[in-house]
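4 protein chains.
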Amino acid sequence: MNDRLVLGGHEFQSRLILGSGKFSLAMTQAVIKHGEVEMVTLALRRANVGGEENILEYIPEGITILPNTSGARNAEEAVRIARLAREIGCGSFIKLEVIHDSKYLLPDNYETVKATEILAKEGFLVMPYMYPDLNAARELVNAGAVSVMPLGAPIGSNKGLCTKEFIRILVEEIDLPIIVDAGIGRPSQACEAMEMGVAAVMCNTAIATAGDVAQMARAFKQAVEAGRAAYLAGLGRVLDGRAEASSPLTGFLEEC
Amino acid sequence: MNDRLVLGGHEFQSRLILGSGKFSLAMTQAVIKHGEVEMVTLALRRANVGGEENILEYIPEGITILPNTSGARNAEEAVRIARLAREIGCGSFIKLEVIHDSKYLLPDNYETVKATEILAKEGFLVMPYMYPDLNAARELVNAGAVSVMPLGAPIGSNKGLCTKEFIRILVEEIDLPIIVDAGIGRPSQACEAMEMGVAAVMCNTAIATAGDVAQMARAFKQAVEAGRAAYLAGLGRVLDGRAEASSPLTGFLEEC
Amino acid sequence: MNDRLVLGGHEFQSRLILGSGKFSLAMTQAVIKHGEVEMVTLALRRANVGGEENILEYIPEGITILPNTSGARNAEEAVRIARLAREIGCGSFIKLEVIHDSKYLLPDNYETVKATEILAKEGFLVMPYMYPDLNAARELVNAGAVSVMPLGAPIGSNKGLCTKEFIRILVEEIDLPIIVDAGIGRPSQACEAMEMGVAAVMCNTAIATAGDVAQMARAFKQAVEAGRAAYLAGLGRVLDGRAEASSPLTGFLEEC
Amino acid sequence: MNDRLVLGGHEFQSRLILGSGKFSLAMTQAVIKHGEVEMVTLALRRANVGGEENILEYIPEGITILPNTSGARNAEEAVRIARLAREIGCGSFIKLEVIHDSKYLLPDNYETVKATEILAKEGFLVMPYMYPDLNAARELVNAGAVSVMPLGAPIGSNKGLCTKEFIRILVEEIDLPIIVDAGIGRPSQACEAMEMGVAAVMCNTAIATAGDVAQMARAFKQAVEAGRAAYLAGLGRVLDGRAEASSPLTGFLEEC
Numbered sequence: 001m002n003d004r005l006v007l008g009g010h011e012f013q014s015r016l017i018l019g020s021g022k023f024s025l026a027m028t029q030a031v032i033k034h035g036e037v038e039m040v041t042l043a044l045r046r047a048n049v050g051g052e053e054n055i056l057e058y059i060p061e062g063i064t065i066l067p068n069t070s071g072a073r074n075a076e077e078a079v080r081i082a083r084l085a086r087e088i089g090c091g092s093f094i095k096l097e098v099i100h101d102s103k104y105l106l107p108d109n110y111e112t113v114k115a116t117e118i119l120a121k122e123g124f125l126v127m128p129y130m131y132p133d134l135n136a137a138r139e140l141v142n143a144g145a146v147s148v149m150p151l152g153a154p155i156g157s158n159k160g161l162c163t164k165e166f167i168r169i170l171v172e173e174i175d176l177p178i179i180v181d182a183g184i185g186r187p188s189q190a191c192e193a194m195e196m197g198v199a200a201v202m203c204n205t206a207i208a209t210a211g212d213v214a215q216m217a218r219a220f221k222q223a224v225e226a227g228r229a230a231y232l233a234g235l236g237r238v239l240d241g242r243a244e245a246s247s248p249l250t251g252f253l254e255e256c
Numbered sequence: 001m002n003d004r005l006v007l008g009g010h011e012f013q014s015r016l017i018l019g020s021g022k023f024s025l026a027m028t029q030a031v032i033k034h035g036e037v038e039m040v041t042l043a044l045r046r047a048n049v050g051g052e053e054n055i056l057e058y059i060p061e062g063i064t065i066l067p068n069t070s071g072a073r074n075a076e077e078a079v080r081i082a083r084l085a086r087e088i089g090c091g092s093f094i095k096l097e098v099i100h101d102s103k104y105l106l107p108d109n110y111e112t113v114k115a116t117e118i119l120a121k122e123g124f125l126v127m128p129y130m131y132p133d134l135n136a137a138r139e140l141v142n143a144g145a146v147s148v149m150p151l152g153a154p155i156g157s158n159k160g161l162c163t164k165e166f167i168r169i170l171v172e173e174i175d176l177p178i179i180v181d182a183g184i185g186r187p188s189q190a191c192e193a194m195e196m197g198v199a200a201v202m203c204n205t206a207i208a209t210a211g212d213v214a215q216m217a218r219a220f221k222q223a224v225e226a227g228r229a230a231y232l233a234g235l236g237r238v239l240d241g242r243a244e245a246s247s248p249l250t251g252f253l254e255e256c
Numbered sequence: 001m002n003d004r005l006v007l008g009g010h011e012f013q014s015r016l017i018l019g020s021g022k023f024s025l026a027m028t029q030a031v032i033k034h035g036e037v038e039m040v041t042l043a044l045r046r047a048n049v050g051g052e053e054n055i056l057e058y059i060p061e062g063i064t065i066l067p068n069t070s071g072a073r074n075a076e077e078a079v080r081i082a083r084l085a086r087e088i089g090c091g092s093f094i095k096l097e098v099i100h101d102s103k104y105l106l107p108d109n110y111e112t113v114k115a116t117e118i119l120a121k122e123g124f125l126v127m128p129y130m131y132p133d134l135n136a137a138r139e140l141v142n143a144g145a146v147s148v149m150p151l152g153a154p155i156g157s158n159k160g161l162c163t164k165e166f167i168r169i170l171v172e173e174i175d176l177p178i179i180v181d182a183g184i185g186r187p188s189q190a191c192e193a194m195e196m197g198v199a200a201v202m203c204n205t206a207i208a209t210a211g212d213v214a215q216m217a218r219a220f221k222q223a224v225e226a227g228r229a230a231y232l233a234g235l236g237r238v239l240d241g242r243a244e245a246s247s248p249l250t251g252f253l254e255e256c
Numbered sequence: 001m002n003d004r005l006v007l008g009g010h011e012f013q014s015r016l017i018l019g020s021g022k023f024s025l026a027m028t029q030a031v032i033k034h035g036e037v038e039m040v041t042l043a044l045r046r047a048n049v050g051g052e053e054n055i056l057e058y059i060p061e062g063i064t065i066l067p068n069t070s071g072a073r074n075a076e077e078a079v080r081i082a083r084l085a086r087e088i089g090c091g092s093f094i095k096l097e098v099i100h101d102s103k104y105l106l107p108d109n110y111e112t113v114k115a116t117e118i119l120a121k122e123g124f125l126v127m128p129y130m131y132p133d134l135n136a137a138r139e140l141v142n143a144g145a146v147s148v149m150p151l152g153a154p155i156g157s158n159k160g161l162c163t164k165e166f167i168r169i170l171v172e173e174i175d176l177p178i179i180v181d182a183g184i185g186r187p188s189q190a191c192e193a194m195e196m197g198v199a200a201v202m203c204n205t206a207i208a209t210a211g212d213v214a215q216m217a218r219a220f221k222q223a224v225e226a227g228r229a230a231y232l233a234g235l236g237r238v239l240d241g242r243a244e245a246s247s248p249l250t251g252f253l254e255e256c
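Chains as they are written, first to last, in the working numbering: chain S, 1 to 256; chain H, 1 to 256; chain V, 1 to 256; chain B, 1 to 256.
Think of the hints as simulated: they come from the structure by calculation, not from any bench.
Because the structure is a prediction, the values reported are computed rather than measured.
Each hint should be verified, as a subset may be incorrect.
Copies of the same chain are indistinguishable here, so a pair counts whether it falls within one copy or spans any two.
[As the list claims (entries may be wrong)] Taking lysine to aspartate or glutamate pairs in the EDC-like style, the calculated list, with each CA pair at most 20 Å apart, reads:
(1) Lys103 x Glu173
(2) Lys159 x Glu244
(3) Lys33 x Glu57
If we strip away everything but chain S, and leave its shape as in the complex, we get (with noise of 0.2 Å):
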């Protein structure tokens, strides 16, 4: 099968892209290795703390960087950082967060909105991390997103897929991939949003909060391929209100 998640014209055979910002460096290149990865978030200051810790040196040849704009409070200050990263040799994908309420880290749709259009004119792969608002999806599509970042729940609250009704109308109605980003707190939610066809996982504190980081990576692995596969195959319909009899029970005993 030939499956791929595209974005910005890369292929990935992956959908399960690794928020780094919780691990030390060798525990992401663990998770990197048990959850298959191939893309992996990176906070600015992280990629260029100098020293003998520069996490670019620790990310296994053949990973996408996706540097984020974490700190960010306006469009901005995250086309600063974008600008930034791409000359610190991160290359063009930007995973844009622009951020200015401190409790919940509730994204700001229309600094994003923003930031998105001047940084694709750039030549940037936009991947902004959004409110699953449909208005603003569309305008990111028209600013020049390569893909749609909505959040399941607060970032790190390990809620789940609070935002559910709305994430599937973006995937019904937005021609990009839709990529949920935030609030992912098991590897079955992460199933259940690749069931609903959206296109890839992000997740890092229900991996970084586990008692084995490793195997919950190799989970998560698993649970966004099953959810892929069962999208892919078409679910069953759900009854209501009676059963059915999965065993041919065409008749009870005494009838056979």
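For this one, chain S is given, so just place chains H, V and B on it according to the hints.
Just chains H, V and B now, with coordinates in the frame of chain S:
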């Protein structure tokens, strides 16, 4: 990792049990292969159909047959079917189903306990389908069952884990493998059951009603493995009422 | 409208039954008043405490006492408590509780059926607390119960309608008033139970643990009435996958 | 108790706002009466139909008219409709709706903020329908709105509180009355919204599609009051993973 499902002294690598009732024989083979299934249920009537379509010939080497007592409306009928199954060479495992409600196909816990007691004494490895009632589960343990198989939702409904709160109690309180046996409609639901510490999941309708049966079997296999891995890894905490930065957001941009 | 709850030939206007276990006697009076309650449970030990605090003197005229068999671990003990309750003047109603699980306080359906049979023959109006198992409910009907009281969630948990799918089945299949008896934690949950066609709701902990007990009693009263009215009115349809203008949106503005 | 809803300096006893779009004029009167409603929306086209059916004549004395901008696809159109409404005598309240998505009827937050700013400066009491995005809600506050009206689910869907997690955030963070404006399908959902601290609920389709419209109006009235009372009373705690006796179960029977 040597994580095995142990049922009556027998070890299994797979934690996805296939209900075969809704499949043609050739289809059963395909699902066994793609789902990497090691245990398949069998309704007695299909076992001894005679003529060219004897299902036993279709079951690959190494697969454990789990004959069920489908059609039994009380303990006596179930016992009769179980003995017949053993006589015709289906082995010692028996999936006990006692159902006399034809609309919701809900199991009769009381008759099920009675039949379990009789069959366990005769050396059967009894796996009873049951309504997830803690008291009944305790009686099944005392009666000699090798596992307890609570329903998630009415058979064939694909409604999922409607009994979640009570399956969680069984997992905590019962010292036998808990296997969710009916209602699971999507891989994400199988994954969630496994995350809760269920030992295995049984699936039939969800695969049989999928668009692509083989692919859905693969999806269930992966989802079950993902849920198991997550359970073993230890799920992370869920935040209430706020977010938590996954990136090392020690300050906003200016303050760097 | 002459919509009454009929239990064993007795008519009630109120569909909110008060569990009194967690209240002081004075508080019980307040809740009865603000909740406009007509039936109140009573644990035997509180009835015959002797001395100055005899709860029977605190129950206002016109309130039906529903003694419960709290403390009974099997049918025999329950029968004994019920007879004692009648002897000391608590009337013919008996709320049957048989519980021997001290962590989740889940009822033993089997012993409950046995006790119901004995007590119904002795003329008691038996209202059995039960785990919502359709087969057990049918046996309670045959044993002569005047209502069936399934739990929504473990007693005192305030977790709500965790057994929703199965209470719905009881409402459909059982020809006695179904009364949700444990777990209801918020007025909205009581309202939802009533919308589903449940005949009454029993409440104790949700009111007892509220900040303002009298006000919460009023809230439950109204929520139960709202749910009943909605059930009688007939709920509207739920749309799937789109919206439908509520305003007469026959065209956008320009086209007027 | 002197608990009032205050909108733009006007006080209301009722916290159920009626959307009138789906009702005949006579029916609107019935719902106002049985739901004890004090505020009713009005689409402009219905206000000035001329001829014998002028809805303004049908609205009872003392009811506040809340004209909406239904049909507006951008801020400019909405402003135009609002001014027209005031000119023909609909007063200063305006329910702002800016929608250009014809399938899900989702509001355009950005245009809504723009229109709010203009209309608030002209002295309107602006009540904007919005997608529950915290950043947009903050801008509506700054723009001078007198309340914020997030949707629970797509208009007319009766799907309930699909945006629960985010409405909870608005209740916590926004210092204006939060009014849930679309999607509420059952009284229990209205009750739950009110329990969360929402200031009022708007209802239209759920009542219009009920079997008995007047009775459903009454049900919603009571459910809204129940939820408000529960919010003011303070909800009790939810137990996790066990039960807690509501009766004074200090010991089992023998130990008495």
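Verification of the hints:
{"no.": "1", "hint": "Lys103 x Glu173", "verdict": "between (30 Å within a copy, 10 Å between copies)"}
{"no.": "2", "hint": "Lys159 x Glu244", "verdict": "between (33 Å within a copy, 12 Å between copies)"}
{"no.": "3", "hint": "Lys33 x Glu57", "verdict": "within (15 Å within a copy, 42 Å between copies)"}
The structure fails none of the hints (numbered hints given earlier).
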